[in-house]
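Engineer: The primary structure of each chain is shown beneath.
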Amino acid sequence: MSYLILAYAFAIAALGGYLVWSLRELRDLERKH
Amino acid sequence: MNRAERWAAAAVALMLVAGAVIFLYAPTDALQGPVQRIFYLHVSAAIAAYGCFAVVLLGGIVYLRNESLVADRCARAGALVGVVLTTVTLVMGMLWAKPIWGTFWTWDARLTSTLVLWIIYAGYLLVRRLAEPGRQAARIGAVVGIFGFVDVPVVHFSVTWWRTQHPGPIIVNDALPAQMLATFLLTMACTLILAAVMVWMRYRIETLMDEKQHIAEPVKVVTAREPEPVP
Amino acid sequence: MNPFRVALAVARKDLRSEWRTREMVPALAQFVVLALLIGNFGFQIDSRNALTIAPGILWMALVFAGLVAFGRTFAAEREQASLDAMLMTPASPVAIFAGKALAASVLLVACEAVLLPALTLFFGTPLSGEVVAAVLLATVGMAALGVMFAAIVARVRARELLLPLLTLPLWIPFIVAGGQAVQSAMGLPGSYQEAIGLLIDFDILFVVLTSLAARFVLDE
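Residue numbers (the working numbering), protein chains in the order written: chain V, 1 to 33; chain G, 1001 to 1231; chain F, 2001 to 2220.
Hint data in this document are derived by calculation from the structure and do not stem from the laboratory.
Take the hints with a grain of salt, since some may be wrong.
Unchecked claim - Below 20 Å or equal to it, Euclidean Cα-Cα: the simulated EDC-like pairs (lysine to aspartate or glutamate) are:
hint: 1; chain 1: G; residue 1: LYS1098; chain 2: V; residue 2: GLU30
hint: 2; chain 1: F; residue 1: LYS2013; chain 2: F; residue 2: GLU2023
hint: 3; chain 1: F; residue 1: LYS2013; chain 2: F; residue 2: ASP2084
hint: 4; chain 1: F; residue 1: LYS2013; chain 2: F; residue 2: GLU2077
hint: 5; chain 1: G; residue 1: LYS1212; chain 2: G; residue 2: ASP1108
hint: 6; chain 1: V; residue 1: LYS32; chain 2: G; residue 2: ASP1210
hint: 7; chain 1: V; residue 1: LYS32; chain 2: G; residue 2: GLU1005
hint: 8; chain 1: V; residue 1: LYS32; chain 2: G; residue 2: GLU1132
hint: 9; chain 1: F; residue 1: LYS2013; chain 2: F; residue 2: GLU2079
hint: 10; chain 1: G; residue 1: LYS1098; chain 2: G; residue 2: ASP1108
hint: 11; chain 1: V; residue 1: LYS32; chain 2: G; residue 2: GLU1211
hint: 12; chain 1: G; residue 1: LYS1212; chain 2: V; residue 2: GLU30
hint: 13; chain 1: G; residue 1: LYS1098; chain 2: G; residue 2: ASP1029
hint: 14; chain 1: G; residue 1: LYS1098; chain 2: V; residue 2: GLU25
Unchecked claim - A partial selection of chain G residues facing chain V, derived with a Cβ cut-off under 10 Å:
hint: 15; residue: VAL1017
hint: 16; residue: ALA1020
hint: 17; residue: ARG1110
The beta carbon of each residue, even a glycine, is placed where N, CA and C say it ideally should be.
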């Protein structure tokens, strides 16, 4: 059971983290543009 | 909210729906128990990653043919998103393997080739970062992307062949019950949409970064034709 | 220009400059012997387990010696900027590439000529024609891929770092099949014929692919 939670927690952290990071990068670049 | 944020929010909403279906609708596996629910996102992420790497392959081929910057940016975007998705696949797979097989890792063909896939495209990203941006990096990237894509089935095949020389654990794939299949297909569709949104966002970022570094489509130089010799 | 003659000329040029300086082969030979030394102390080797461990040490030593050898293939060209001059001649890039690969694999074969007898000497494993054939067949494909990636990283920063990262994953099929071939040639279970057949298939596949890619890698 704990492996299930761990697995989905990792997936959320990785995919969510990537999404937030790229949104911020995009916003930075668009502001400078 | 700008356009990218709206798309991202939509993709996240779809993933939340998929998550609800995975945890509330899908039946608990009789043999493996709740841990089997890892399967849905694990396999979907793997398929989406293959899709991203196919984008890298196609981008590379198109770039080598006509040096289109659009193709190269698509390839760059696909590689980064693909590596993120492969990381998710690998980590989720290891966390699934531990309770079911009793070990985080076995040198099975699929595991080995997925690891090789990850290494190749992480190497691709490194090459892109270290090479001089522009034509050189794009050409090198295209070649690495194409070779990487060819190598994965070859590694998969050779490890399968090697496994039959050394009998090892065999993973039996049972047919999925209808409810599980529906959950899986929904998760896969949502993950593919998420991946597409991620690639598109990365494509935007790469475009803006290229503009910052003044990398633009090559200008076709038209040389004046020599005047015809007068007889 | 006859591409075969160009390839041979490029290979001869590389081998001649190696013969003048005599840098690579002694260094590689020493490297290989050191790898065997490390293998001996890393494992607890005795006459009973030597057969199961020796093939692994053989491939480890060979792969890393190969990385060193291929990492140096374009060193002279880089230092003297002679690659551009070579590419300006009407010679086809594929022929230049083939010549480079030929010279690098001759160097690697020289290093194998030290490695295989040393393995027999130190670990008591049989040194048969079958082992030699497997190693030589793997060398062909490894050289094609190794020289291609050496050409790719030659113009990149931190090339020493990148070459192994790019090359090793693509060498894995050769290590799977070559490892199996050497193991069965040394008396461990597994089919030798099948492994050799697979090695030949991989050789053909990657030699064809690298010659198709050579144009894009060397051109500029």
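Engineer: Determine for every hint whether it applies to the structure shown.
Structural biologist: Hints and how they fare:
no.: 1; hint: LYS1098/G - GLU30/V; in the structure: violated (44 Å)
no.: 2; hint: LYS2013/F - GLU2023/F; in the structure: holds (15 Å)
no.: 3; hint: LYS2013/F - ASP2084/F; in the structure: holds (16 Å)
no.: 4; hint: LYS2013/F - GLU2077/F; in the structure: holds (12 Å)
no.: 5; hint: LYS1212/G - ASP1108/G; in the structure: violated (45 Å)
no.: 6; hint: LYS32/V - ASP1210/G; in the structure: holds (13 Å)
no.: 7; hint: LYS32/V - GLU1005/G; in the structure: holds (18 Å)
no.: 8; hint: LYS32/V - GLU1132/G; in the structure: violated (23 Å)
no.: 9; hint: LYS2013/F - GLU2079/F; in the structure: holds (16 Å)
no.: 10; hint: LYS1098/G - ASP1108/G; in the structure: holds (14 Å)
no.: 11; hint: LYS32/V - GLU1211/G; in the structure: holds (11 Å)
no.: 12; hint: LYS1212/G - GLU30/V; in the structure: holds (11 Å)
no.: 13; hint: LYS1098/G - ASP1029/G; in the structure: holds (17 Å)
no.: 14; hint: LYS1098/G - GLU25/V; in the structure: violated (36 Å)
no.: 15; hint: VAL1017; in the structure: violated (14 Å)
no.: 16; hint: ALA1020; in the structure: violated (12 Å)
no.: 17; hint: ARG1110; in the structure: violated (17 Å)
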